[in-house]
Amino acid sequence: MEGLRSITRKLDLQHYVVYLGFLAIFAFFAITLSGDGFLTTRNLSNIVLQTAPATIMAIGFVFVLSAGEIDLSFGSITAVSALAGAVVMQDFPMVIGIAAGLGAGLAIGFFNGLLVAYLRLPSFLVTLATLGLFAGLARSMTNLRSIPVINDAFTGFFGSGALFGIPSLILWTLGAVIIGHLIYRETRFGAHVIATGDNPGAARVSGIKVPRIRLAVLMISGGCAGLAGLLYAGRLQAAKYTLGESDLMTVIAAVIVGGTALNGGKGSVVGALVGSLLMGMLNNGLILMGLSVSDQMIVRGLIILIAVAISLRDTGR
Amino acid sequence: MKFKNLIATASIMAALMGTTAHAETVGPMGEAATPSTTIQVSDDKVAELKAGGYKAALLWHDQSDFVNAVTLGATDEFKRLGIEVVATTSAGFDAAKQRSDIETALAKKPNIILSLPLDPVTSAAAFKEAKADGVKLVFLSNLPKGYQHPEDYAAIVTDDLFQMGKQAADALAEAIGGKGTVGWIFHDATYYVTNQRDNAFKTTIENDYPDIKIVSEQGISDPARAEEIANAMLLKNPDLSGIYVTWAGPAEGVLAALRANGNKTTKIVTLDLSEPIALDMVGGGSVAAIIADEAYELGRAMAAAGARALVGEETPPFVVAPAITVKTENVADGWMQSLKRAAPDSVLSATK
Chain E
1 MEGLRSITRK LDLQHYVVYL GFLAIFAFFA ITLSGDGFLT TRNLSNIVLQ TAPATIMAIG
61 FVFVLSAGEI DLSFGSITAV SALAGAVVMQ DFPMVIGIAA GLGAGLAIGF FNGLLVAYLR
121 LPSFLVTLAT LGLFAGLARS MTNLRSIPVI NDAFTGFFGS GALFGIPSLI LWTLGAVIIG
181 HLIYRETRFG AHVIATGDNP GAARVSGIKV PRIRLAVLMI SGGCAGLAGL LYAGRLQAAK
241 YTLGESDLMT VIAAVIVGGT ALNGGKGSVV GALVGSLLMG MLNNGLILMG LSVSDQMIVR
301 GLIILIAVAI SLRDTGR
Chain U
1 MKFKNLIATA SIMAALMGTT AHAETVGPMG EAATPSTTIQ VSDDKVAELK AGGYKAALLW
61 HDQSDFVNAV TLGATDEFKR LGIEVVATTS AGFDAAKQRS DIETALAKKP NIILSLPLDP
121 VTSAAAFKEA KADGVKLVFL SNLPKGYQHP EDYAAIVTDD LFQMGKQAAD ALAEAIGGKG
181 TVGWIFHDAT YYVTNQRDNA FKTTIENDYP DIKIVSEQGI SDPARAEEIA NAMLLKNPDL
241 SGIYVTWAGP AEGVLAALRA NGNKTTKIVT LDLSEPIALD MVGGGSVAAI IADEAYELGR
301 AMAAAGARAL VGEETPPFVV APAITVKTEN VADGWMQSLK RAAPDSVLSA TK
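Keeping their order, the protein sequence lines are chains E and U. If you count by the working numbering, then the first sequence holds residues 1 to 317, one letter each, in order. If you count by the working numbering, then the second sequence holds residues 1 to 352, one letter each, in order.
Incorrect hints may have been included.
With a Cα cut of at most 20 Å, we get these calculated EDC-like pairs of lysine to aspartate or glutamate [what the hints assert, rightly or not]:
no.	chain 1	residue 1	chain 2	residue 2
1	U	145	U	133
2	U	55	E	91
3	U	327	U	275
4	U	352	U	333
5	U	145	E	152
6	U	128	E	198
7	U	128	U	103
8	U	109	E	36
9	U	327	U	170
10	U	109	U	84
11	U	145	U	170
12	E	266	E	198
No lab work stands behind these hints, which were simulated from the structure alone.
Chain U on its own, in the form it takes in the complex (with noise of 0.2 Å):
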């Protein structure tokens, strides 16, 4: 459920930074995003990682796709640099397994750990023994509660939010050729990741595409009422040229609408992976993108975040990993790029 991670995800930042768009991601401090591609291990650097037998451990929020990709991104790249995973986590979403989670992983005594802290509140206390330990810590997306960079942690890494919002509509105005009009269904709740790509969007329309118009907003907080939702919008607004949706799974729901209504004109736009709204759009159907982040490059910029603080090299306090636009001519390749794994056999026999 990618979803759950945007919650997960959303608690801190919210707290953190208020609610407005920014022009672009910007850290809990007002840091500049540094990209994650900056972040690597010198070569000099590895032969010292390799010989000094650290270890590392994983201790996410939940299981999903999205910490499988992560997860996948982190483990290679210790590898690469000699560094042993001793201990990987799921809290559930449970503050209170977390901190356990926490202090059961130190009796392995690791150099790193690698986490998504649930939230800011719970998680100040919960990371306090592993800070105390010494432990080079590396999060993603959220920050305990009071903690400084960098005697505190090595770096929080996280989605290019705005870039995510942009690049829905900038994909959503190439495939209605700039003109036209647009619905806009957003996720209705405080959620910080949600909320920056959702405003992402709408800001780019407004301020780029002066020929596009945001004709009617629906906020959405229960995935399971997008087609309701998605057909009281087309009943007000038959014509619309194109729909943009907050994420995959009410994205499903507004599909289900359009092809209930035999609508095959009006293009959709949404984020984050997912098979039905892939096979539809290799299919030629209603799907125009898909905005993708790199989850694997998120993990992989995590190891190499907290690799590069053990050797004392510095680390910028908040990293972002680029977002993908995948089309029906690059889904095999943004499907391995973002989960660094294939695209469903299901999607991949269709595009041929």
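Okay, chain E solo, but in the shape it has when bound (with noise of 0.2 Å):
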């Protein structure tokens, strides 16, 4: 077992966690589900397409975890957002809406910001209660109705239209994941983000604003949850309270399983991006291979727990 643990640790297994797991369950429904269509163009891009806004979450989520923070609220914002766009797109040009959705989440995470870095609550309790608090806006906005987004423009460019034939939530996913990589990895904010997250009080010393750091990460995920709420409109061309609801513990679960430390100061973009494509794969592979629902629920769960355990294994959480 020594061993076995020294290997690992030389190999760093924890880091590639992700991607040898993506890979291992690729590898085993491109044999098993072979004739079931699952490894078809249609199929491989629907998972990419299906999993661009959980992906989108999952990048502002790697942001608040890194900072040694959480948002659980991130899910309650999507729907806001989806509603004020799709609400006001109904009146105004799609320039507006679009504006009134992304607003609508840099507010809410900016309400969650203020409260978690200034009046020093914790972002667990702050954003369990907003994560309440806004799921019964999103339900009052419209009267648990919803709202038809019939704006042809705005459905194509965050929904069903594609560039150079690319589907347009590729591209949407693709360019987040890159600009969420550059800032985390490349820029001082990024550093700053990390190194408010490993040890807050060291952070502070050596200079880092980090009530603002808290304030910002916060705001990245609302605005991050905003991008996914529009993303869900543009894709449905309708907009409901109920989006973004069940997205909570898949985005943590991909998140988590990419690499990034729930405890803070460690993290990663890419891996994030690969945990919700391997989420994305698993619902669509266990649905093609004819499982009962309570048996897709069963083994995905199996999966994830594996996943976790390996990924969190020697890492001291």
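From the two separate chains plus the hints, produce the assembled complex.
What follows is the structure in structure tokens.
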């Protein structure tokens, strides 16, 4: 056991678990579902399209976790943003609708951030409360009704459109991952986020404005959730209060499996992308295997458990 | 959770049909209801279907007892017709997940999709791809906005909601001897399914039973508050002959209120099968009857409608499955007829 542990440590297995896991599960589905359409271009691109909103939420979540905070409210932000965009677009042009959607996300992130950074309330409790608060707001905004989005430019831009044959949702995913990765890895801000999560006291001593970092990461999370809401609205050509509600667990799993530490100081945007695709691929493959819904849930849970166990082993969590 | 199905079912129908009670259940475009028993696949078509190597996908809105029974009805019928069920999904009431489920299932190239569209607005775009692929769509209770029969879908199958409410009225009237006072606990929300059933009860009592008076009307939106509401109702009307409760969940609270008051005379009628309610009924308690739908038959009729469309046979746009009045004497049969499953042991042993 000790020998195995030293080998895995040498290979830094945890670092690559998401990539190895992704390849292993991909290979498994590719072989077992070869006759069931798993490997078709349409199915593979579906996986990327279906996970696009969750991937973008996951990018925001990487920043929040890396700074040693958590945001449980992003699902509700997604719903509020989608509805805000859809409602505004009924009377105003697309640009104002987009601004309303993203603005709602940023504003809620700002609200979370103020409470966490300046009132010094724990982010777990703040966002647990705002999760409910904004879920309720999303429901009351439209009285539980779904709001259709009939703006073709919008649904093309955020949902069903394509540029040079590449679906817009894939472009959004790629764009968000590249920008997120660059900010996280290549900027001073990214380094400050990681330093804050690693050791807030030391970060403060070294001159980092810790409250400002905390406010910023929660706004990034809110902004990402807002963008995810617009993508959902584009994809479904409608907004509904349930959007984003069920993504919390998927996104947390994707981010943790992707190598971001739950208690801050370490993370990976690219890992979160692969983690998110892994979750989407699991959903997809288990359905194609013809499993019953309950069995799909059991198998998915077990695989996530194994992946998380491997990725958290020896990292001191 | 049967109630969640009601919520899901509610949205589009409310939009399509308005909120007024109809004298009978009619379709989204005002189509007359066709009884589900008439949706059959003839023997000569069975051979054709078996030879076709056809596939079906069941893309549900959620998981529940009700969905399980619908699934069983559909799978049994598909098996008989030699149609393979290649994918089963549950969207957990998430419209985005339902869209993803449809796309994923299409990779297996199903010829028939049975589904409960979560709501008319979001599902209109979600089913577009399936429609474009020429898949025969059979919907449970809801219809995506703007879809036309028969080019866009084969049929909508749903419960006979008016009958359920009417049979509840008839059962309560019988239990109290055709005269007296009753309380009406209705679902206080704009949900088509519950609204239709509740109003059908009220209309039937008012029109068909001149000696029965509805003396108390109480809306309920949170089932957990049913006991309080029933207590208040009984306080004001201690000699109520009967109470109608909109569905089994709140009826359990009403039952608790009657027991706490030591009331052994007021009769309860409610809708949807539930073990505690049935147990009280078979033990000679306050519950006089339970009105259930035929979930298994809904599934069977959906499968048959899809199969008929596949071989080019006509399908009616709007199909309803009958309601069953379940009383002590038919509890075992009623349970079997509704859910294709034996009644719970506790209920069966109490009838012996």
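Which numbered hints are broken by the structure, listed smallest first?
-> Checked against the structure, the hints that fail are numbers 2, 6, 11, while the rest are satisfied.
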